[in-house]
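Colleague: Residue strings, one per chain:
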Amino acid sequence: MIEKEKINWIYKKIFTIRFFEERIKKIAKEKTVPGYLHTCIGSEAICVGVMAALNQDDWISSTYRNHGHAIAKGCELNEITSEIYGRKTGICKGRGGSMHISDFSKGMLGSFGIVAAGPAVVLGAALQEKINKSNKTCVSFFGDGAIHNGAFHEAAGLAKLWDIPMIFVCENNGYAEATATDWHLNTKELSDITKAYDMLSYIGDGNNVFEVYDISKKAINEAKQKNTPIFLEFKNYRFSGQYEGDTQLYQPQEEIDKAKQNDPIKLAKENSSKYGLNKNDLEKIINEAKEEVDKAFDFADTQPWPQPEDALEEVYVNYPVEINR
Amino acid sequence: MTIKTVKDAINDALVQSFEEDKNVILMGEDIAGGKGREQYQGTQDAWGGPFGVTQGLYTKFGGERVRDTTIAEAGFFGAAIGAAMTGLRPIVELMYVDFAGVCFDQMMNQAAKVRYMFGGKQKVPMVVRTVVGAGFRAGSEHSQTLYSLYTHIPGLKVVAPYDAYDAKGLLLSSIKDDDPVIFMEHKRLYMTSCEVPDDLKPIPLGKGRIRREGSDVTIIAIQRMNLFAEEAADELEKINISCEIVDPRTYSPLDEELIFQSVKKTGKVIVVDESNPKCSLASEISSLISEKCFSDLKAAVIKITAPHTPVPFSPPMEDFYIPSTKKIIDAVKKLKDV
Ligand SMILES: Cc1ncc(C[n+]2csc(CCOP(=O)(O)OP(=O)(O)O)c2C)c(N)n1
Ligand SMILES: [Mg+2]
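Protein chains in written order, with numbering that gives the first Met the number 0: chain F, 0 to 324; chain C, 0 to 337.
Treat the hints loosely; a few may be bogus.
Quick partial rundown of chain C residues pointing at chain F, CB under 10 Å, derived from the structure [claimed, not checked]:
| hint | residue |
| --- | --- |
| 1 | Trp46 |
| 2 | Gly61 |
| 3 | Ala71 |
| 4 | Pro315 |
| 5 | Met316 |
| 6 | Tyr320 |
If you're looking for bench data, these hints aren't it; they were derived computationally from the structure. Heads up, the beta-carbon is just placed ideally off N, CA and C, and yes, glycines get one too.
Turn these sequences into a full structure, and let the hints guide you.
Modeller: Here it is as structure tokens:
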């Protein structure tokens with residue numbers, strides 16, 4: 000049984016992420032939003048389901064496709080939006096942008112633009128937890144494309160060798176940029192690659208937020224009990240393009256139509272009564288989520304730009320000469 | 000004569016090289032794109048890399064020679080080295096130069112050193128095509144130039160064209176060249192265009208180009224900085240200051256002679272480089288001039304570069320980071336008064 004409070008939280012977050020991403024997609028069409036935008040329409044259940052199994056101070060890493068992770072982990076909507084707009088009050092003071100939304104105080108270690116950079120960083124955080132005998136959960140989110148990169152494999156090997164109870168969360172959304180996942184897989188299932196490391200792995204429906212939650216919660220317990228890393232593969236579909244503006248010509252319409260039948264938001268709505276939410280409850284949550292997203296975008300619009308010279312700050316903790324060129 | 004964008008000129012050079020030499024192959028991520036799943040076929044060859052530069056090659060030359068790779072740069076860069084050593088002429092694409100880190104070893108330790116440390120018996124005729132440059136609001140991990148990182152390594156050649164003419168001519172040469180070449184394409188220049196003859200001959204590596212003749216001040220401009228140098232020179236012409244613009248085009252080898260000739264003529268030099276300042280092309284070129292043309296100089300060389308920071312995301316900060324036309328104008332005026 001999931002507590003009522005958690006169910007409400009899950010619904011609130013899953014809608015917030017969808018509305019946020021739809022809003023940013025729309026705005027990107029109407030006016031220029033600086034930089035690359037990688038939206039996560041279709042990933043909401045994975046973001047929220049995993050995060051529902053975590054505490055606020057547990058550690059995660061994300062990628063350039065991070066808005067959903069950031070929202071689910073508790074980063075402030077206003078600050079995320081301001082960051083995407085490049086404003087001074089953004090979550091990274093406008094220095095990072097959409098691809099690098101991060102907030103240490105919310106357990107979001109970092110969003111990395113380099114594919115497969117995250118798992119090893121989280122391995123380090125988990126090593127720290129182990130050495131300091133602390134018990135925070137450490138989760139790295141990455142895509143199906145990242146499992147081909149050496150950095151992922153090196154992190155996986157070390158995690159197993161060192162008995163590090165971290166969780167690798169692979170979001171298998173069918174594509175790495177314009178390339179279909181199965182075009183590049185050597186194994187039947189993506190998660191079969193963990194066999195080389197004798198690592199436990201589980202596969203789940205990434206469109207079903209409650210299944211994601213359930214699998215994640217069990218995996219976290221099992222990892223800690225057995226002192227071992229666990230690899231979770233959640234299957235879903237990348238409705239968004241690689242980035243906003245991608246023609247998506249390589250994604251055939253039949254495939255998109257079929258995936259829409261399992262849209263995570265649609266499934267969440269269908270399941271709502273099963274989880275004790277009536278029509279009114281659901282409507283209330285939806286309205287709240289919409290309102291918060293609206294407010295965040297209104298907020299960001301009014302925020303000041305950084306000063307040009309702000310670029311020179313915080314390159315180092317300590318540097319004896321002024322950086323003035 | 001045809002007007003071509005840099006993007007199309009590069010595509011033309013690739014097609015021409017594929018047609019001329021069956022040993023030319025191309026490897027990279029999403030360079031085709033759209034192979035799709037078995038049961039549903041999306042549009043084939045839909046992408047051609049994120050900037051569409053290689054579009055059409057997969058359809059024209061097939062998957063044997065145009066190979067969409069996994070995100071495994073160390074793997075396919077290494078493969079390019081072995082293929083080059085044994086007879087192919089591989090071109091590999093590093094989607095953004097910022098990803099150099101994940102496969103730098105292959106270039107620094109293998110590609111660059113195979114010929115030298117194996118006693119001159121082998122050669123590695125490969126080309127790395129990569130995308131560089133700020134000004135795209137692409138943030139710290141997708142905006143660097145890193146010219147000097149590669150230029151520093153003996154055994155590697157480094158090419159960075161400014162316009163479509165040079166892009167085509169220099170890529171043709173790079174592919175024919177028997178040494179490993181890093182060919183850097185600036186993302187803000189892809190859609191700029193100029194006249195490119197259909198029968199353009201390869202442009203030799205190591206030959207710079209005087210983009211504008213002048214007599215008062217020499218501006219040595221690195222890749223996209225030629226744009227700002229031209230703008231500055233146009234402005235300054237109105238107040239009767241005559242600038243000479245030198246575009247070295249290739250950084251290893253570097254056309255030192257061309258640079259020195261211009262310095263002899265003007266005695267006043269500005270080097271403009273969008274990279275970070277420490278150990279940069281700007282500092283290298285300025286030190287060469289100080290060493291070799293000391294007596295010709297009427298003033299110390301002025302370097303205009305990015306600051307010693309990563310590339311910031313937000314527009315006001317990124318614009319501040321990139322050298323500007325105004326900074327060049329101010330520097331020229333300062334030198335003029337010397
Ligand atoms: C080392 C490296 N190589 C290439 C890229 C360019 N790139 C960015 S996203 C991407 C595809 C990643 O796909 P996947 O891991 O499935 O994540 P998704 O975008 O589907 O969430 C690629 C190749 C990169 N950022 N880093
Ligand atoms: Mg993917």
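Colleague: Each of the hints needs a verdict: does it hold here or not?
Modeller: Hints, verified against the model:
1. The beta carbon of C:Trp46 is positioned within 10 Å of a beta carbon in chain F (closest approach about 4 Å), and the interface hint is therefore held.
2. Taking 10 Å as the C-beta cut-off, the interface hint given for C:Gly61 is violated, the closest approach to chain F being about 15 Å.
3. With its C-beta approaching chain F no nearer than about 5 Å, C:Ala71 sits inside the 10 Å limit, and its interface hint holds.
4. A cut of 10 Å between beta carbons decides the hint on C:Pro315: the least distance to chain F is about 5 Å, and the hint holds.
5. For C:Met316, the suggested interface contact is upheld, since its CB lies about 4 Å from the closest CB of chain F, less than 10 Å.
6. With a cut of 10 Å, the hint placing C:Tyr320 at the interface with chain F holds, because the nearest CB-to-CB distance is about 5 Å.
Checked against the numbered hints listed earlier, the structure breaks hint 2 alone; every other hint is satisfied.
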